[in-house]
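Enquirer: The chain contents come next:
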Amino acid sequence: DTAVSQTPKYLVTQMGNDKSIKCEQNLGHDTMYWYKQDSKKFLKIMFSYNNKELIINETVPNRFSPKSPDKAHLNLHINSLELGDSAVYFCASSHPYSYEQYFGPGTRLTVT
Amino acid sequence: ELKVEQNPLFLSMQEGKNYTIYCNYSTTSDRLYWYRQDPGKSLESLFVLLSNGAVKQEGRLMASLDTKARLSTLHITAAVHDLSATYFCAVDEGRGGADGLTFGKGTHLIIQP
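From first to last, the protein sequence lines stand for chains A and B.
Using the numbering used here, the first residue of the first sequence is number 1, and each one after it goes up by one.
Using the numbering used here, the first residue of the second sequence is number 113, and each one after it goes up by one.
Treat the hints as calculated values from the structure; they're not laboratory data.
Each hint can be trusted.
List time: in silico DSSO-like cross-link candidates among lysine-lysine, alpha-carbon distance up to 30 Å:
#, chain 1, residue 1, chain 2, residue 2
1, A, K40, A, K67
2, A, K44, B, K115
3, B, K153, A, K52
4, A, K44, A, K22
5, A, K9, B, K217
6, B, K180, A, K41
7, A, K41, A, K22
8, B, K153, A, K22
9, A, K52, A, K22
10, A, K19, B, K153
Here chain A stands alone, though its shape is the one from the complex (with noise of 0.2 Å):
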């Protein structure tokens, strides 16, 4: 009984295509997340999200777009992909009280 999936789990695309990962909750939680871990392994907030209106965005390109179709889904579509891009991708929650965040298994991203 999965809290917080994402799809897919590995991506491999070419520099100059537009994707999109998924992400679903089942927490009840109010706020999601969108982090990037690069390959030196450190995480980096994109993007906040609660009840489905954009709170931050962290000096993010605009070639990345979150889209909040309701509370319990957050996407991102990443527009002309560059090598750069290259990194796993973890959707998470947070608890309401504690803040306490949930994540999604990642999303594994190669741009070729």
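Please arrange chain B on chain A, whose structure you already have, making use of the hints.
Expert: For chain B alone, coordinates are given in the frame of chain A:
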């Protein structure tokens, strides 16, 4: 800009030994989190520390938080091989719960028999 610094970044130790990982941060936040990540896997929540002086223990791991010193520690007691992983501390700035976490660079822990 919030900064979170972990040390050491790499630690190789023998089974049975004790060690401590340190996490310093630059904000006045009193919410700090520890996560574990195994190779190729997601992040697993270990501890949530929500107030000054908070101490939590789970098995051979114990985490503490000193908000005045802006320091958290993760102590490993009598290490076993299964604890080999990368450990991250993370802080949020407490601006209403919708903030993302700022992570340290992680401590890559290897425990040898």
